[in-house]
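Protein chains in written order, with this note's numbering: chain F, 1 to 354; chain W, 1 to 354; chain V, 1 to 354; chain H, 1 to 354; chain R, 1 to 354.
Don't read these hints as lab results, they were simulated from the structure.
Just so you know, not all the hints are guaranteed correct.
One copy or two, it doesn't matter: identical chains are merged, so the pair holds either way.
[Claimed, not checked] No more than 30 angstroms apart at the CA atoms, straight line, and that leaves these computed lysine-lysine pairs for BS3-like:
(1) Lys-295 with Lys-352
(2) Lys-20 with Lys-161
(3) Lys-247 with Lys-45
(4) Lys-352 with Lys-52
(5) Lys-349 with Lys-247
(6) Lys-349 with Lys-295
(7) Lys-20 with Lys-190
(8) Lys-248 with Lys-101
(9) Lys-59 with Lys-327
(10) Lys-247 with Lys-52
(11) Lys-20 with Lys-166
(12) Lys-247 with Lys-20
(13) Lys-161 with Lys-247
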Amino acid sequence: MSRFIQKREKSHGLPPGTLKHIGDKKSERAGLTLIDYDENNIVEKEIETIDKCALCKDKDTVTWLNIDGLHQEDVIERAGVIFDFHSLLLEDVLNTDQRPKMEEYDNYIFIIIKMLYYDENTGLIRIEQVSIVFGPNYVVTFQEIKGDVFNAVRERIRNGKGRIRKLGSDYLAYALVDAVVDHYFIILEKIGDKIEELEQALVDNPTQETSRSIHSLKREMIFLRKSIWPLREVISGLERTESPIIKKDTLLFLRDVYDHTIQIIDTVETYRDMVSGMLDTYLSSISNRMNEVMKVLTIIATIFIPLTFIAGVYGMNFRYMPELQWKLSYPIVLLVMIFIGITMIIYFKRKKWL
Amino acid sequence: MSRFIQKREKSHGLPPGTLKHIGDKKSERAGLTLIDYDENNIVEKEIETIDKCALCKDKDTVTWLNIDGLHQEDVIERAGVIFDFHSLLLEDVLNTDQRPKMEEYDNYIFIIIKMLYYDENTGLIRIEQVSIVFGPNYVVTFQEIKGDVFNAVRERIRNGKGRIRKLGSDYLAYALVDAVVDHYFIILEKIGDKIEELEQALVDNPTQETSRSIHSLKREMIFLRKSIWPLREVISGLERTESPIIKKDTLLFLRDVYDHTIQIIDTVETYRDMVSGMLDTYLSSISNRMNEVMKVLTIIATIFIPLTFIAGVYGMNFRYMPELQWKLSYPIVLLVMIFIGITMIIYFKRKKWL
Amino acid sequence: MSRFIQKREKSHGLPPGTLKHIGDKKSERAGLTLIDYDENNIVEKEIETIDKCALCKDKDTVTWLNIDGLHQEDVIERAGVIFDFHSLLLEDVLNTDQRPKMEEYDNYIFIIIKMLYYDENTGLIRIEQVSIVFGPNYVVTFQEIKGDVFNAVRERIRNGKGRIRKLGSDYLAYALVDAVVDHYFIILEKIGDKIEELEQALVDNPTQETSRSIHSLKREMIFLRKSIWPLREVISGLERTESPIIKKDTLLFLRDVYDHTIQIIDTVETYRDMVSGMLDTYLSSISNRMNEVMKVLTIIATIFIPLTFIAGVYGMNFRYMPELQWKLSYPIVLLVMIFIGITMIIYFKRKKWL
Amino acid sequence: MSRFIQKREKSHGLPPGTLKHIGDKKSERAGLTLIDYDENNIVEKEIETIDKCALCKDKDTVTWLNIDGLHQEDVIERAGVIFDFHSLLLEDVLNTDQRPKMEEYDNYIFIIIKMLYYDENTGLIRIEQVSIVFGPNYVVTFQEIKGDVFNAVRERIRNGKGRIRKLGSDYLAYALVDAVVDHYFIILEKIGDKIEELEQALVDNPTQETSRSIHSLKREMIFLRKSIWPLREVISGLERTESPIIKKDTLLFLRDVYDHTIQIIDTVETYRDMVSGMLDTYLSSISNRMNEVMKVLTIIATIFIPLTFIAGVYGMNFRYMPELQWKLSYPIVLLVMIFIGITMIIYFKRKKWL
Amino acid sequence: MSRFIQKREKSHGLPPGTLKHIGDKKSERAGLTLIDYDENNIVEKEIETIDKCALCKDKDTVTWLNIDGLHQEDVIERAGVIFDFHSLLLEDVLNTDQRPKMEEYDNYIFIIIKMLYYDENTGLIRIEQVSIVFGPNYVVTFQEIKGDVFNAVRERIRNGKGRIRKLGSDYLAYALVDAVVDHYFIILEKIGDKIEELEQALVDNPTQETSRSIHSLKREMIFLRKSIWPLREVISGLERTESPIIKKDTLLFLRDVYDHTIQIIDTVETYRDMVSGMLDTYLSSISNRMNEVMKVLTIIATIFIPLTFIAGVYGMNFRYMPELQWKLSYPIVLLVMIFIGITMIIYFKRKKWL
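Required output: the full structure, derived from the provided sequences and hints.
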């Protein structure tokens, strides 16, 4: 549950813009990685303190500063000073319970998106907040923990292949968003596999375990939806912005990532429909099976009850029961019983109860 | 139920603009608190009568007049005269059954929002109406009872830290709205805890008590939703207004509180989905368990009914039943019975009914 | 049912604009009441024939002509001639099955709204159509029966208190709409009480009667909703109109009544949600109780069936049943039976079936 | 089912604009009726071939050509040539599976609407497509079969009463649409009666037949809705068009028919809600009754099972059962049995199970 | 399930615009067909390599290049070079998991739509992605496998009948889209037949098989909906575009295909409603039948249980049971039993339980 809303009692009453990390402390030490490149050169290094990047902002090359770990508020604050970020922006970076959003400031654009990881063991989706701020020639990214989702982008920068080295900071920001969105497809595939598996289980042998899995999947879908829906606005916000930071060349790529987002949302909605349908299937199949069982059992009982009654009648101890003395009465009664039993079975079969 | 709509029969037929307090009389005496500040100075005092504030409106400093308790209509009316408020505005302030709204008048802006308190004992949400009117250099707030939600704002004014002393009445109004909205997160956390607790109960041992709690939670969600949804319009109304009372500096902060509102609405909707899902889970788990019980019981009965029939047959008193005379017939019948019982158990197990 | 759509077969095939009263004949004789006022003077009289009002339209004073009863088509038609109303307007007035609407004509504005009455005995909502036409200095109202909802407005005109005597026909029209809308709150309170009552019944002892009441309440909500929803458009139409008949002073009051309408719609929606929730609660509580009953009964049967079987075994008449001859076999069998019974009870208790 | 979509396999692969009648052949011979009128004169005749109308289009009088029967593609095609209709329009006329729509061409306006008939015997709604094309001074209508819905309009033209002879082709087109829409009210009344009847049946004695009727009514509602919803766009399209064919005088009448459409849609939605509600009522009443039956039956069984056990105990043949010899044991056992039975009944009554 | 989202893990981390076929390899060799026509001439040929079409783009005739099979990335890439397509476009063509969409580039328009095939054996809908790129005088189509849906269009080009030879590449593109959309009607007819069949089965003899078919149909509807809904935007995008590639003459035809799309969407929604309704009908009919069975069986048991009790009483072995000695007690007891049985049957009948 705590995944849905972070405890923030500690921060109530603080003035807006106060820097206070809200979220679990997930990483020991803030890691600072700096990549500085233009079409021909690239410098990549881990730096000790944020002040080593004091002049990054105004270089002509594209500078990408990545900060892993949000619990050291002083690092974040210092980054804010160096890059001249608004205090509300820094507050949002630190509060990992933000809704994905895109905000345009005078000299930079601020994006919050959610990185999702699917935990195979628990079947739960883990979430990390990724904040991206980019100005004319720099990109600053904030991650809760050191993740590997940006590695492919780093690799592309290093290799100098593709457009990434030729285009500016807006393309880099796009590439980072695209990497995150691409990762969503993996989550969706995992969930798709899970759905397929559960559908098979539904056909083969639906157990209470199956039902529990479906319910839990449904909850994950609610969770997923909450994280992914706002993404649409984020990216269409980027597309529609008139900020000079985003150049015309990048717009086509943004349209592409927007298409992916719509496709992801579509798939999430389709999955939701399917999971709901599976719940219905489960319930009706369980109820069918239960009915089948009860019917057969009840029929067995119903057949024997009249027979037991007949046996009971001839078990009475009246002195004057002429049948008791007859030689043939026992076999006759047995035959009558068999006849009644068979008649009932035939009747039930004809009524399609058996 | 009465929380959903106030009795207002007493006021029917009164001309619009008549001042009549609609709501419970929650506080004995209207309390009047006045804070008057600019960047350098601050005066804070409790005043006896509203007339002590007769000139507040036209001072250059920012004046914040807070009125606790709405049942003394004359105080409200007098405030209306001093600050030159429209009579419909005063009527709305007194009618505590208002929908949250924002209205722009010529010289001031009028906001009604709802303060929510979660009563841990009953699990019910209590609601107080907060009305805020602010003009170029004054803010008047009306509360039903003396609450503590504005204390943090007061503290910040006293300390003179942050922006609050430097910016005008619009920032103060924003700060008050922000304090209320921030408080919603606490309610949501409480409800989140409750949901977590109930989910655990659902897994461990769902009782009728659990179901009752879920239903009651669902009702609270309806209630919460009704109070929170209109907030979105209120704040986006503040953002979009062209009134000169709201200055450009404050807009960024309004965007921030708007984000919070969207996040709250999102969470409420997510909670609603989860509570609905929990009800389904409850019903299907109850029905599963019930089915399990009935099945086992029915199977026990089904096994014994044919056996009882056999016993009944040999309890018949026919004179000519050759088996009765045989030496081995009793153990044979017993063995037959055991055989039938075991066969049925095996059959049921194979059919997965047991 | 007939409340949802009026039989109008009689009118099919008539050309549009033909005057034909569609609806029940609810009042014997059309009553005509005339109030003519300005800030200083007021004349109020019942008039015999509509022609007495032939010059009303062009006086400088505000004239309010109220017509009770719609079955005398000639009266309506004559009113149409005197006030120069479009024939489609008159057709709409006579057809009491109209949807609430607002139509702007060149020289007057036409409003249809629904007056609702809650019949305490049947729990049904009764509906009357109220048509209001107002021009620069006159208001004509048409009611199906002589109602008392406008009395408060009349009283205010007579007293000359408030704004009503100072402002024009548009304010009078507003006041009439406001009176009707205010009356809706009473209906909502009644329904709120009913909901509260039913919720209590649900907790105490839900019977089939409760279920029937909830279903009937649900139907009334559908009905209510159909009558109230269009009101929103009516009033926002009045607010947005550019007709010179509505003066700027009245706009603020229209905003107020619009707020009330939104609040009413909100409450209706909330009630709908609650009634749906109550149905769910009812069904699950009934099913819970039923399950409880069945479980206990089945358990009783299940305990006795094996015992009866044992008794049956020793009721068999085999000659060679050694146990029958033993002295202690009877008490032993009894003890075995008691043991089996207690074991089963303990087992069921441990399984939480009891 | 075939009512929902026409088989059109025969036409796949044909180029667009190919004339091919899609739908059942409902009438033997295309009937051509021509009415030609202005304010003073009227000529009405059945014509043999469409060529007799070759000059209709350019006369000053209003010409109304009605074509019954769509299977003679050559007639339709010839009409297309004479009136200079676009081939896509003719294709739409012939394909009776069109969605209601309004299309504006350069010199004429094209409307497709659905005529509905309620078949009292089957309870099904039958549908006929009506296409109306009207230009500056002509109206061409295409009907699948000779219907009687336009008779009233014809009568009004003949009588020369009302506006119809004075106004142009746009008013005639309006009058035809109005006739169709007016007819919908009859369908709604019939359905309303059906609902009322079923509601009564639900209260009196709900049988499986009732459930089947409700389900079938629900399906008819889906069907109705599909035919009526698009009408709204059709008529608002007519209102908003800037084509000079529609004159200002007619606009007011279109607003009137638009209101009727909204009212019909409203009623359909209300009916849908009511039918859904009835299904719920049916299910819960059936389940209630079933529960009642099962409970009583189970209680009867539960009372007798322990008693039968006691009888079984004393039916055992142990030699040493002291009670068997006692004089009073039989009456005592009987009394014990009666006591147990009564106790159980009282217990069940107190528990409100009986 | 895999139909809902393609595995694309292999492509994660690749820079955007990298050509990688995502989807099943459905065809062995890419087939290239070229049709080149103007009003008077037509050349149609299969070409070996894409380079044979190097000058196609700049001819005055309309050139239609159709490529079957997407797994040979080099062919696609080469086509991209020749026609100067954007790399993102080619990436979309290769990724067969795209959502239908329409994108406008500077010199061409790009459409992705889905071709649907209904597999009669499995009842599943198979999907193929069709990409269409068209510029001023060429159309390039990409299909996953060699399909026959475009044959009719080819035939029309060959015959030179209709408009197709006279109009440009935009009309050809329209004709191709129209061919695909027309094919959807066949799918809908198949599904309509299936629904009809299942409805009949529901009335005749609903089995678990029926339920499974309905559930599977419901899933296919989700699937269908996902493929068809976006089509609406695609075609309205084509209508609204201001690109000079689409000429005014084609717009009317686009409006026609747009109407078809709306009709298809309408029908899909109607089918969804009907399938949901069928599930309800199924569940309630199953539950009705089950209840009927259980009721009859329970009644049989209930009738015999008291009778068996009576027999049990007189089977007790008490020495002093005076009735046992009476001559008439046996027939009396039998009569009493018959009387009780008949009374119960009458009672149950009167209560309408039988």
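Hints and how they fare:
Taking the shortest Cα distances, Lys-295 and Lys-352 sit within 30 angstroms of each other both inside one copy (11 angstroms) and across copies (15 angstroms). For the identical chains of this complex, Lys-20 and Lys-161 are inter-copy neighbours only, at 16 angstroms across copies versus 40 angstroms inside a copy, given an alpha-carbon limit of 30 angstroms. Taking the shortest Cα distances, Lys-247 and Lys-45 sit within 30 angstroms of each other inside one copy (28 angstroms), while across copies they are farther apart (44 angstroms). When the C-alpha separation of Lys-352 and Lys-52 is checked against a cutoff of 30 angstroms, the pair qualifies neither within a copy, at 84 angstroms, nor between copies, at 67 angstroms.
When the C-alpha separation of Lys-349 and Lys-247 is checked against a cutoff of 30 angstroms, the pair qualifies neither within a copy, at 77 angstroms, nor between copies, at 70 angstroms. Taking CA atoms no more than 30 angstroms apart as the test, Lys-349 paired with Lys-295 passes in both settings, with 12 angstroms inside one copy and 17 angstroms between copies. Proximity of Lys-20 and Lys-190 under a CA criterion of 30 angstroms is satisfied inter-copy only: 21 angstroms between copies versus 35 angstroms inside one chain copy. Proximity of Lys-248 to Lys-101 under the C-alpha cut-off of 30 angstroms is found in both arrangements, the shortest distances being 22 angstroms within a copy and 21 angstroms between copies.
For the identical chains of this complex, Lys-59 and Lys-327 are neighbours neither inside a copy (118 angstroms) nor across copies (110 angstroms), given an alpha-carbon limit of 30 angstroms. For the identical chains of this complex, Lys-247 and Lys-52 are intra-copy neighbours only, at 29 angstroms inside a copy versus 37 angstroms across copies, given an alpha-carbon limit of 30 angstroms. Proximity of Lys-20 to Lys-166 under the C-alpha cut-off of 30 angstroms is restricted to the inter-copy arrangement: shortest distance 23 angstroms between copies versus 38 angstroms within a copy. Only between protomers do Lys-247 and Lys-20 lie at most 30 angstroms apart by alpha-carbon distance; the minimum there is 27 angstroms, versus 34 angstroms within a single protomer.
With identical chains, the CA atoms of Lys-161 and Lys-247 are at most 30 angstroms apart within one copy only, with a shortest distance of 20 angstroms there and 40 angstroms across copies.
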